[in-house]
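Student: The whole structure should be built from the sequences, with the hints applied where relevant.
Residue numbers (my numbering), protein chains in the order written: chain Z, 1 to 295; chain V, 1 to 295; chain D, 1 to 295; chain E, 1 to 295.
No false leads were slipped in.
Chain copies aren't distinguished; within one or between two, either way the pair holds.
Think about it this way: if two alpha-carbon atoms lie no more than 27 angstroms apart in a straight line, the pair counts; the simulated DSS-like pairs of lysine-lysine are:
no. : residue 1 : residue 2
1   : Lys111    : Lys250
2   : Lys272    : Lys27
3   : Lys111    : Lys272
4   : Lys3      : Lys232
5   : Lys182    : Lys250
6   : Lys60     : Lys272
7   : Lys282    : Lys27
8   : Lys182    : Lys290
9   : Lys116    : Lys250
10  : Lys232    : Lys182
11  : Lys111    : Lys282
12  : Lys272    : Lys116
13  : Lys60     : Lys92
14  : Lys232    : Lys290
15  : Lys96     : Lys3
16  : Lys239    : Lys182
17  : Lys3      : Lys60
18  : Lys116    : Lys239
19  : Lys235    : Lys182
20  : Lys272    : Lys96
21  : Lys116    : Lys282
22  : Lys73     : Lys60
Hints listed in this document are in silico derivations from the structure and should not be mistaken for laboratory results.
It should be emphasised that the depicted structure is a prediction, and the values quoted were computed from it without experimental measurement.
Here's the letter readout for the chains.
There are 4 protein chains.
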Amino acid sequence: MLKLNGIFPPLPTAFDANENLAPSKMKLNIENLCKFDLSGFLILGSNGELVCLSEQEKVKVYETTREAIPSDKIMLAGTGGQSTRETIILTKAADKAGADAALVLNPFYYKGLMTKEALIYHYHAVADSSEIPVIIYNMPANSSLDMSQEIIAAIADHPNIIGLKDSGGNVTKMGDIKRMCKPDFQILAGSAGFLLPALSIGAVGGILALANIAPQHCLNIFHAFQEGDLEKARKIQLKVIPLNASITSKWGIPALKFVLDQIGMYGGPARKPVLPVNEEIKMQLGQMVKEFGLI
Amino acid sequence: MLKLNGIFPPLPTAFDANENLAPSKMKLNIENLCKFDLSGFLILGSNGELVCLSEQEKVKVYETTREAIPSDKIMLAGTGGQSTRETIILTKAADKAGADAALVLNPFYYKGLMTKEALIYHYHAVADSSEIPVIIYNMPANSSLDMSQEIIAAIADHPNIIGLKDSGGNVTKMGDIKRMCKPDFQILAGSAGFLLPALSIGAVGGILALANIAPQHCLNIFHAFQEGDLEKARKIQLKVIPLNASITSKWGIPALKFVLDQIGMYGGPARKPVLPVNEEIKMQLGQMVKEFGLI
Amino acid sequence: MLKLNGIFPPLPTAFDANENLAPSKMKLNIENLCKFDLSGFLILGSNGELVCLSEQEKVKVYETTREAIPSDKIMLAGTGGQSTRETIILTKAADKAGADAALVLNPFYYKGLMTKEALIYHYHAVADSSEIPVIIYNMPANSSLDMSQEIIAAIADHPNIIGLKDSGGNVTKMGDIKRMCKPDFQILAGSAGFLLPALSIGAVGGILALANIAPQHCLNIFHAFQEGDLEKARKIQLKVIPLNASITSKWGIPALKFVLDQIGMYGGPARKPVLPVNEEIKMQLGQMVKEFGLI
Amino acid sequence: MLKLNGIFPPLPTAFDANENLAPSKMKLNIENLCKFDLSGFLILGSNGELVCLSEQEKVKVYETTREAIPSDKIMLAGTGGQSTRETIILTKAADKAGADAALVLNPFYYKGLMTKEALIYHYHAVADSSEIPVIIYNMPANSSLDMSQEIIAAIADHPNIIGLKDSGGNVTKMGDIKRMCKPDFQILAGSAGFLLPALSIGAVGGILALANIAPQHCLNIFHAFQEGDLEKARKIQLKVIPLNASITSKWGIPALKFVLDQIGMYGGPARKPVLPVNEEIKMQLGQMVKEFGLI
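Tutor: Structural data, given as structure tokens:
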């Protein structure tokens, strides 16, 4: 079974000044990040602006990033759409492009209709039709649909569904999922803000926006935890919370992309209507970049 | 300026048993509904499963429904996507296909980034680039992003933005929008559940799922209100609330499609993971169909 | 049966500079408001800071206001507490002081335990033990517990429960309640922001914070509606929305009390930690007072 | 400074069959729990039905429980009301009765008015007037007002405010509070569901409903964590999640009281409208009691 231990950055999708895809820039970012002991990459997660790309663009991104990701690094590909049909098509395309697993965000637009039964149908249909394993993606801050532990455990009861990325940060729920699911079901923290608490109740790693700009900090938390040095893990964990918040819950993708530009990687614009960060935020981000020694 | 007075059904998108588009079935439904004094149709709203169609499918639906919609009936086309880029492309395609106006749901996935500034940017960029007028679509139950009156009024301050479909049902907010916007800004109720209260504070009509199956009831409320017969309007309004709830907030699209099949129109399946209504719900719907004399 | 038609101001509770009860000031305010064609008064609603008074203080307020309220004006008394026991005690005290009916806010602290069964138990136990009729009070903005139409209709099925004050503003729900309840069940709008839409679907009046400072505006909406002059009713309705918002959802009780002080009635302080409005808000309120000719 | 390390049960308030206070039963429960290595007790928290007691009853409970709590065990007393005035009165009463610290739930009824400024005012006024130290209590599931880390940190900046009980379970926020506050500011987990993750980011202990019925399990998590045996801590943590949920988020106080009755302590009824658990829940609770060996 595919091992998901460790830290994965969810790679932002690169656009040029006209908001056209810039795959070569993503390759540069991947090369840069390959200097660190990361387990792999997530392509087209929420930070990858999945919902803002056409089907053709998504396939293009799967293909060009796989070329850049070394074969010893895991490639996870976001493939979730609002319909089962679209999700299956994208999952097959990701497989064909060489992804090692598909990360499937639940459909959420028709909230009232996303019953336990419908969600199980969806994930099992995708997992049945896919050669590569499927990872559940729960992202309530964006989807406004927080799947319960009961639903997640029922979905997880399928041989081709191997894990969960949980970005909600509810560690009681994560613990409950760990308890309810098969022993080798792998939980990944969806944000660096709660990496250590998630590890403490059994997560195997994280898919962390912060790992795009401060991969070593994330790895240090992970390794300190593994070595039983909780004091050290906690110290770094507390330290990274505000930087992590600034590129996620607080100012999001444009802040992440701005910092990437600052530290010699490629950030570029997000697709509109997401607007660039303003001057004041830039200054605050600039100061954090210095404090954290990211340049 | 395009007049939006009156009642518009938001047409469900028809799929065959394999979930492939079935445009001919939509034509039949349009013909059927043209027997009533409706002002026009909305194509690809939430009931039209907009978010479950590919770009090519959307264009196909715009084109084939326009062929079926008589030129004296208004065709509104849902064209909202998560990016400004996609929304502009779809709006141009709807225009080319012959739509009279575009109904634009706000982007909502990156909730934290959908500031007043970003939303104004989005709507004005779409309105600037479009030859057909734009109608704002606020649908918090699905998008989980309820645009405030301040934001809507700021967006509405553009010559090519002519109205609002509000499905939130907050009549205080509708009143405030009416007060804040240009005098000819046209508010449409987004659900038959609050048609009469919306008319009472200045809405000019409604885009109502219920108008697909009970168009005359909707028209009767509208006409009774216009004629000043509030007693009659209220009586019908109260009567339709539970039927309307059953095909919208309660059981949604599959219930609407089931009733369509029952009353001799085409319903067919929704795209998965939306599942068909179960037998018990079918029985309840069947009883309502009889009570309302829809067959 | 007690008729609740018309407009009721929910009287703020008066405190002196040390936050001690100032019943004589409430009497002055009542006298002032008796110049208008109001149906009566609500004592100790949310605007009356019910939750900030001790039991003894509540009884004192019931007694002293009843002395000031003429016998031809209805006195409604807020008596809802978190336990059935407390609510019964307060309802009896209100009755003894001469209140005509009790307005009972649902218990809400133990949200997860406030099942349909528990809420029916509560209201029926209170209604059974009370000589005066009971009015249900649904106030989700403060209680964060929005009782559904099914629950309200089940509660309303008791001979001593005669009406509902709904401050949620969901007019679809109000319509549904009107449809589901006994014909003489009386719905009162809980805010002037949606008075006209509520009347349009069958409300008999309103308990309106705005009626403390602009009673004639509220009465004009009500009378215009009753006379079938919807155009006039709508015009005033739209006009009052921002003033109403400023003393309710936006700046609340301290704004209401500030305006009372401005227009020659008694406002005084709210009990802390509710703080007085700041200078900027005072200026905005001052302008509205002038625009509306309240001085 | 008062050390809050360790585990505290929030004692339910005992009522007899007529819902009258039964202080002698609380004494028995305290004696029973004193066999375990608990740090102390919380009297009149949410589990103590604080909001359902009169002022006199609260004072009575402070006094009678202090008599039963040995002087080497810490007594924390819930004293939060909706007004600053009431909270100060109760805090003084708790002090007089011998409580070691006051746990102050934030006022929450007037949500819109509970600004940062108002909340700081409230807590600092209480802390200024109190001889015993104050602990902040954040309980969003009941209050529907989740105080942010910025607000909590600002409140915590007072010499007489020594800690926080956080029942929200947001560990990212807890980490951020740990980072922002004075080094000796003490965070207590508010539920056993996230005890270990909370400890991992710096909490010093917990006030845990579960500690009323399974004190040793709670203590085992705490001690295993302190000894660096994370594997053992995690194992117990995962195990207790469902039992903890059943007496808190799922079925609440009546379930906790039922289990107390089952295990030879005193549970008794909750004050109505909170209803007893039904037969099916009793059976499920009974099974858990056996599985956990609580008898």
